[in-house]
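Undergrad: Chain by chain, the residues run as shown.
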Amino acid sequence: SQQGEEDPQALSIQEGENATMNCSYKTSINNLQWYRQNSGRGLVHLILIRSNEREKHSGRLRVTLDTSKKSSSLLITASRAADTASYFCATDEAGANSKLTFGKGITLSVRP
Amino acid sequence: DAGVIQSPRHEVTEMGQEVTLRCKPISGHNSLFWYRQTMMRGLELLIYFNNNVPIDDSGMPEDRFSAKMPNASFSTLKIQPSEPRDSAVYFCASNRQGGSPLHFGNGTRLTVT
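Protein chains in written order, with the working numbering: chain A, 3 to 114; chain B, 1122 to 1234.
Chain A on its own, in the form it takes in the complex (with noise of 0.2 Å):
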C-alpha cells in the first residue's frame, strides 16, 4: 500500500517560476525523503528531512515538514527546464524495519 501521497499528480510551469509539490502520509516515520527520477533512469535522493525538523534547504530546494499534518511540501525556487522530472516522496516509517516507502510520484513539466 502507498504511505506517500503526492500532490498534484501533474504540474507544469514556465521557467523561472516556483513549483510546490506536497506529500500526506499516514503513521509515524523517522524521516522523509524526497526524490527525482528523469525518464528512463533511477530515483535520484535530492534531500532528507527528520521528523524533529520543520524546515530544511538545499540550494533551490526547500522542504517542510509538519508531522501533525503528516505533511511535507518540496520547493523548487527559480525552476529550470532542466528540472523537468518525476519527484516522489517517501517515507522511513517508524518501526516498520527502516524501509522506505514511496508515493506514485508528481510529474513536473517546465517550459522553456
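Within a straight-line C-alpha distance of at most 27 Å, the following computed DSS-like cross-link-like pairs (lysine-lysine) qualify:
id, chain 1, residue 1, chain 2, residue 2
1, B, K1145, A, K106
2, A, K106, A, K71
3, A, K71, A, K58
4, A, K28, A, K72
5, A, K106, B, K1199
Using C-beta positions, here's what the derived DEER-type ranges look like:
id, chain 1, residue 1, chain 2, residue 2, range
6, B, N1151, A, D9, 31 to 41 Å
7, B, M1160, A, K28, 15 to 25 Å
8, B, E1183, A, Q11, 24 to 34 Å
9, B, H1131, A, V46, 15 to 25 Å
10, B, R1162, A, N20, 25 to 35 Å
11, B, I1126, A, G61, 21 to 31 Å
Honestly, the hints are just simulated from the structure, not real lab data.
Built from N, CA and C at the ideal position, the CB exists for glycine as well.
For chain A, the structure is supplied; the task is to place chain B on it using the hints.
TA: Quick look at chain B alone, frame taken from chain A:
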C-alpha cells in the same frame, strides 16, 4: 563510486521463461532493496536485505518471485515462470544503514510477451 549496477538493462522474454535480474550494490552499503515500478501501481517494494539477510519479503507478489543475496556485493531477483503482468521496470537500491538515502541503479526494463 560506481553506483548501483544492474543487469541486464533490458530483457524481453516469452511467457513461461525464467528471468534473472542482477544487482551489485555500492561497496560498504549494508542494505539492499528490490523495487518494481509500473504506471498503474507506482514504485512497489518487493523485498529488502540487511547484511545479506532478507528482512521483509511481504511485497513479493507470489511464489514465482524469489530473491537471493549470497554475499555483500551481489543479489539476484528471479521470476519463474514469467507472465505478461510481470512486465515492469525493476530497480535495485542500496543504502548504508536503515533510513539513510537510497542509491538506485538504472533499472531493468522487463517485457514479457
